[in-house]
Every structure is written in C-alpha cells, then in structure tokens.
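On the provided structure of chain A, position chain B as indicated by the hints.
First to last, the sequence lines map onto chains A and B. So the first sequence is numbered by UniProt numbering: it starts at 1 and just counts up by one. So the second sequence is numbered by UniProt numbering: it starts at 1 and just counts up by one.
Rather than coming from a laboratory, the hints here were simulated on the basis of the structure. Backbone N, C-alpha and C fix where the C-beta goes; we use that ideal spot for every residue, glycine too. Misleading hints may appear alongside valid ones.
Claimed, not checked - Residues of chain B placed beyond 12 angstroms of chain A at every Cβ, according to the derived structure:
{"no.": "1", "residue": "PRO37"}
{"no.": "2", "residue": "ARG40"}
{"no.": "3", "residue": "ALA86"}
{"no.": "4", "residue": "ARG101"}
{"no.": "5", "residue": "ASP178"}
{"no.": "6", "residue": "LEU185"}
{"no.": "7", "residue": "ILE196"}
{"no.": "8", "residue": "ARG198"}
{"no.": "9", "residue": "PRO234"}
As the list claims (entries may be wrong) - One-sided and incomplete, this derived list gives chain B residues near chain A with beta-carbon spacing under 7 angstroms:
{"no.": "10", "residue": "HIS252"}
{"no.": "11", "residue": "GLY253"}
{"no.": "12", "residue": "SER279"}
{"no.": "13", "residue": "GLY281"}
{"no.": "14", "residue": "HIS333"}
{"no.": "15", "residue": "GLY336"}
Residue-level listing of the chains:
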Amino acid sequence: MPPTSRIPPLLQPFARTPKNESLLLLTSTLDASANWLLTRFLCDALGSGQKDNDNGEAKNVVLVSWMRDYDFWRQEARKGTGIDLGGLRTQGRFAFVDGLSGLFLPADEDTADQQRAQKLPAAQPGGPATRGPQPLPVRGPPGRTAPATATAQAAPRAPASLPGLYALSSISLDQMKTTIAAAIASLRPPTAATRTLVVLDNPDILLASVPGLTAAALTSFFLDLHTQTSVSHVLVHLQSDLALLANAEKPSPLQIAQQNLVVKTAHMSAKVLSVRVLDTGVARDVSGVLRVTVNRESWADIATVGEGGAVQAPEEVGSEVLYKINGDGSVRVFERGAELAV
Amino acid sequence: MAFRKRNVALARSPAESPATESPSSPASHPVPAPPSPGTRPSPIDGRPTTSTGSPSLDCILAGHAGLPLGNSILIGESGTTDYAGALLRFYAAEGVVQGHRVHVVGMGEVWGRELPGIAEEKDKRREGKERAEKMKIAWRYEGLGAHGSSRERGAVGSPATSTGDAVGEAAVFCHTFDLARRLSLPVGSAIDYIPIPRTAGSPFVEILKNLQKQIAKSPPSSIHRLVIPSLMSPALYPPGASHPAAVLPFLHGLRALLRSYPTRLTAVMTLPLTLYPRSSGVVRWMEILSDGVFELSPFPYSHMESLATSAGTTKDEERPQGMFAVHKLPVFHERGGGGSTEGLGEDLAFTLSRRKFVVAKFSLPPLEGDTEAQGAAVREATGNAMPRKQDLEF
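Isolated chain A (complex conformation):
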C-alpha cells in the first residue's frame, strides 16, 4: 500500500470496488452508521497516484445522498481520508447530488425569491469559488410534495452555479434519473480506464416516505443507473435495522417493502458489506463489526481469476473484522480477538 493512503491496510480490500463492473450493497443500522466506510470508498475511488491499485486509474465519483448534506461529506472526507472534495469537484472528477435539501422541504415562495435575488448576482458572473461555505441553495422551481403534480413537472435540472453540485427537487424517479445522469455526464470525459462510481446514500428513505413507490421500481432504478455507459460501479447504501425488516408476525407494508428492497439488492450485488454494532453490547474500544459477503453464484468471474494472479484474494472470501472510529476521524480495523493488542 502507498504510505500516503489514509486507509488502513486491513480495510483496503473492503473499501475497494471490484475489478468488474458490478453493483455493491452496503447496509448499516441506526447505531452503526456506515458514513465512514462510504468516505473510504470515495477516497479509494478518487485517490490518485495509487499505481499499485489494480483497478488502474482513479475513478470519477457521483455521490447521491438523500440523508446528508454536502458540507457533512466534505468535512468527513477531509477529516477522515484527507481528500478534498471541493477541489475534485472543480476538476470535474466528483459531483454531488443533494437529495436532502429540496426533496420534501417546501420551498417557500418568499424565501425562494429572496434567495434568488441574493444568489443571482453571484451566480451569473460565474465566480463559484468564493461562495464555498454557503449552504446549497435550493434551485429551480419549488419542490412539489404531492406526487401527482411532481410527475407532471418538467425536469428541474438546471446546472448549478457551483460546478458539480446538483439538487433533487422532485420525488419522481424519472427526474432523479435525469438529474443524476446530468451529474454523471458533467464529469471529466471517461477514458477506457476511468469509469464512474455512483454512490447512492440511503435511497430507501424514498421507499418509506413516497406513497406508491415499490421496491421493484427502486431496484430497476439502480440497474438503470448501472447501465449508463460510463458507470462501472453502483454502490447502494441501505438501512438494515431489524425493525425495518419484516421480522414481526404482522409486518407493516413499510417493513415488507424495505425487506424486499434489501434482499433484492443483496441478490443483485456482487459484494455485500454490512456494518452493525457488536452483538454483545457496547465496548469501549470497538465501534462495530464490518462483514463482507461476496456473491459468487451470480458473479462468474472464474475465468478472470487467472489473469488477476491471486486465486483467492482476501476480499474474495467473506470475512468479518472489527473497527473503531477514533476521535480524529481515523479508523482502526482489526481482526476479532486482536483488540487487546494495541
């Protein structure tokens, strides 16, 4: 591993996208969030100069987050992995699609006008770098909360005044798809080696809160994104709390839909990473357990094993490690039983 990498060596096989084009699933629970692992994925995909990375060159990344804002990701990525998302955005290697700000928040007419009046002078000369710390403005026409009117609306995907920042303002999957596709298309033109990784952070909130949306529609949404020509990998982050899955004797429709989504996506994925807390309770020196399961049945890359060299790379075998997030944002990953060593 290069000494500059901020990813601990034991974690590297986990936070790396497979060689082949594939769909990946990452699940987390309420008290074990997977944001730290998502930033590691971003770091590994965006990290340039890692020549021994057998993925070849670094990738472009589009991060679509329905739960967290851009500032959070920017700070976490800088603190935890030392990558500068703002700089990569201006280079056209990273794009962020904000699914939080404008999705359900009704854009007030007065405030929207005020915002437009404030933003327009700054937006038109095209001086984006001066307005870094500002919250992402809600762009386009006010977001509709009623699904019937939202579907009838034209796609509000005006390119942002800040490069690489997009916002979703409608709950219709088609418009989300066009916005995300615009974000993908805006990145640096892909060569044969550089492909795009699309990270979808908590799209399952749509399933829970949008009436009439089915799990099947959402999984085909994932697949549609994956079939975009420049996209090589799609990483989907879903919640897998037991309370969200249909474990009760009388599961609610919400639980059934979430279970459908998680199970379907897991079967489609080449690799499933799951983050959870320790089964035995809270420990001072362990944050949680990271488990990797490789889906080998559907993933018939037996022919490519020979050219890869290693027949059984460590990431090919499903395994489980413990992790601990330190106060400074760094992470320590260790095998079970090794926690007393340090």
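Okay, now just chain B, sitting in the frame of chain A:
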C-alpha cells in the same frame, strides 16, 4: 522588538502601555466573533452548541457538553407519564431565557405560561462548599462537565432573578429551573405557537412551511429552538399523521431545514412509544432521520419501592424514576460511532425532581449479607467505577 528571546514565553506586549496596545491588538490577535447568547463552542471540535436546559442531558451528548446547533433530538417515552415533557419544558425555558426564538408545535399559550422559572439560589454555605470542591478540578476540564454531575456550573454566580432578562447572565450556558415556579415571559412573546392545521391532508406540510417562514424572516443572528411535544399523538394530530408518507417527509424536511441553518436551529421532539413502539418501521425511520435518540422507560409506580434502592440512593440522591436509554447521539453516531463515550451501553436511570432532571448510572443494590458486593458498591460510590484489568483476568 526584533531580538526577542526565543525561549521566553511571549507575554502580551509587556513593555508597551495599554494605550498603544489596544489599537494593535485586533490586528495581531484576530478575535473571533463572540458567540451568540446561550451558545458556546464544543470542547471537542469547536462547533457551536446550545444547552438543552438540563445539565445532565448536556453531559450525555458525546462530550460536546451541549446540543450542537443544526441537530435534533427525539425522546421516546413509554407509558402515560410525562417525564419527556419536563425535558421539553426545560429546553424551551432555557431558550426563552437565552433570548432564542422558541417555536412550539401544536400547543397553546397555556403551555408557554407553564414553563418553569429560574430557580432561586440555594444558601451560600452549599455554594461555598461546592466552590471548594471545584478548586480540585483543573479549570480547563471543568468546562467538559462530569457525567451525572448533580449540579451545574451555570447556577454558580448567576443572579437569582426570576425575570427573563439575559443581560447580566450572558455567560451562563445552562440555567437551573424550578418546575414549581413560573417563567414570566418577556414582552413580545418569545414563543411562537405553530398550530396543527385541521386539514384532510398531511398537517406537516403547513407546519414546516410555517416554521420555514418564521426562520427566514427573522434576523440572521437569531437562534431558534423547535419544540414538538408528543409527535403523532392522536390527541393533537389528525388521524392520517402517523402514516409514513406523512410523518417521514416532515422529518426529512426538518432535517434539511436543520442542515440549512447549521448554526441557528435545534429541535427536540417527544414521541409516545406506547402508541408507536420502537419495533415498528415508522419509528425506526423517524429515529434514523433524527440526530439523537433517547428513550425513557419509567418504572411502574407500585414497584418503585422495591426497585428504587439503587446505588444512587446511598449517595444522598433521590430514587430513580425510570430507565434512560441512549440509542443515538448527535454528530457522534453520524461519524461512525465508537464505544468511547460515557452513557452509551450503560444502564442509566433518570430522576426528575423540582429543580433538575438527573441521569445517573443505575445499579441494583447488593443483597443483604453479601459483604463482597457491598464493598464493591462502596468502591464504586467512591469513584473507582471500572474494575481494573488484572481483576478481570484469571
């Protein structure tokens, strides 16, 4: 002063007179803008925090010693008691005293009139004793606050006024409130009551719009607190409110609002867990959408006598009234969590008295005649809580 000795600590311009110092000091030491009343930077990462009104709850919040602005807390309570309501009142009263704008959803002015007032100071002797105790703590750690400390720093030195003027007490971060007193609201009605519309559709759209409008038209330095008592309770909300398609977009929008005002808005909500159990999918999504999640499980009243003799009772405290569970902490869990904070995974119990809401460790008392366990309880009471490692290895 080019030849200043390097190994001497720099004093603040010792040779110069104060008159020449004052114009040069802003240039050399850029003074950060003074924090708004009622906020202070977190000792961990410097983000602005504000007090929840209960010092014990502030101490639990993952070392930030306050609720970070731009975050929300969901407090679930099972049973028919209203301990969480007391927490809400402390939170709202703290906001009124600090001059924040307080928004209350679904409650009338009666609720605002019943907010607890600032407690009068205790006798001087107790304060002097506490001061003597405080001398033992290095002053820089004092700001972090001890977990479960029975009295808060704010009470010391605060003028015992029951009026809400925050002029003389700008330094006080968290006041002591007395549930038996009433807060006299400042003129101009510091509390904004957001009604729940009786419409056929989701009531939350209007609430969110109302709140958004209020914040947008307020001056940009104002700080807002959102109080939502008994979310989805059928006594307050129309029947359709508990549908996931109604409440989850609201919380998602609220999360977006909190993130778009990361230095101006906090929110605390309570949820009746008996009606909406934590094992249901809706509640889990609500918890995921909130930044902090606590659960109160009050002891049944009749069993109180038998359960209540905890280790806390020996330390001249009141008997605990229920269990306090921490499920999620703001900022801390969002960054990945870690077992290194206090209160997580431990058995905590809460005690609500007239003046305070205290969360402390809960433990059952040792059996009669079990001298070994009693000795251990005494040891724990003296502060050596964790057994050493060599005690565990055999």
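Outcome of the hint check:
no.	hint	result
1	PRO37	holds, 23 angstroms
2	ARG40	holds, 19 angstroms
3	ALA86	holds, 25 angstroms
4	ARG101	holds, 16 angstroms
5	ASP178	holds, 35 angstroms
6	LEU185	holds, 27 angstroms
7	ILE196	holds, 16 angstroms
8	ARG198	holds, 19 angstroms
9	PRO234	holds, 18 angstroms
10	HIS252	holds, 5 angstroms
11	GLY253	holds, 4 angstroms
12	SER279	holds, 5 angstroms
13	GLY281	holds, 4 angstroms
14	HIS333	holds, 6 angstroms
15	GLY336	holds, 4 angstroms
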